[in-house]
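Trainee: Sequence:
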Amino acid sequence: IGMLVGALTVGSAAPHLMRWLVPAEAWRLVLVAAAVSALLGAALMLRVPSDGPYAAPSPPFSWSAAPRILRDRAVLLANAGYLGHMWELYAMWTWTASFVAASETVRRGAAEDVRGAAALITFCVVGIGAMGCWLGGRYADRLGRTTVTSAAMAASGACALAVGVAYGRPLWVLVPLLVVWGVAVIADSAQFSAAVSELAPAAYVGTALTLQTSLGFLLTVATIYLVPQAARVLGWRWSMSILAVGPALGVWAMQALKRRPEASRMAGGRR
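Taken in order, the sequence shown gives residues 2 to 272; the numbers are from this note's numbering.
Think of the hints as simulated: they come from the structure by calculation, not from any bench.
Please note that a few of the clues may not be correct.
[What the hints assert, rightly or not] Straight-line distance between alpha carbons at most 20 Å, and here's what the computed SDA-like set of lysine to any residue pairs gives:
hint, residue 1, residue 2
1, K259, A155
2, K259, I129
3, K259, A67
4, K259, G42
5, K259, A102
6, K259, S198
7, K259, R272
8, K259, E199
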């Protein structure tokens, strides 16, 4: 799952690279490239002959099972951790370019066109998250899902607060911090799906994962909207700090899950 989310991460970063490669007035080419990439992905999937030797049965979605799943304390805590993660993730990905551009404008002056540099930096920051996905999966299987997710969210939440301090500073100060954030913000993502698949009743795993993903992406709509609103009130310097709320709640949820007996079903007993 970590490798799959890593591929999603690189794909999410790619439009920023395209934006850096084309002139600002040719922004429509970024949308065209994204659409063509989706078509190529569909064509590749049609070339896959089967699901492979390790495919598991896919339980159908069940509306009647949803209340039962949402009442399951262990699954509820895993979902709370995921929602804390999603509160931060897509808003960070969406607004990093604007944050960097605003920071560079403060440092270099409004006369400089900083959008290209901001796009390239954002590509690197988002794309390097693929390494975080791999590391998160590797160490979650060894150390436990609650440990890795808590560590990743603690690191990413700290970065959400710290980038305000680096705002307006030289890129050699700001970019390394953003890179650490890019790795940490996605490192835990796959572990929430893995946790729910291990905690939910086997007959309703598909329903549980659908609910988790739907609620998570619904939440991202709110935070993507909130960041520029915060920028109007607080300025871009501290706009990203509101994203630290999610990881803080996520760490609490995963530590609460770690103390429950059901957590022994995760990561081969490593919780």
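Trainee: Give a verdict on every hint.
Mentor: Outcome of the hint check:
1. K259 to A155: holds (16 Å)
2. K259 to I129: violated (29 Å)
3. K259 to A67: violated (23 Å)
4. K259 to G42: violated (38 Å)
5. K259 to A102: At roughly 40 Å apart (the allowed maximum being 20 Å), A102 and K259 break the hint.
6. K259 to S198: holds (16 Å)
7. K259 to R272: holds (6 Å)
8. K259 to E199: It holds: about 14 Å lies between the C-alpha atoms, which stays within 20 Å.
The structure fails hints 2, 3, 4, 5 (numbered hints given earlier, in ascending order).
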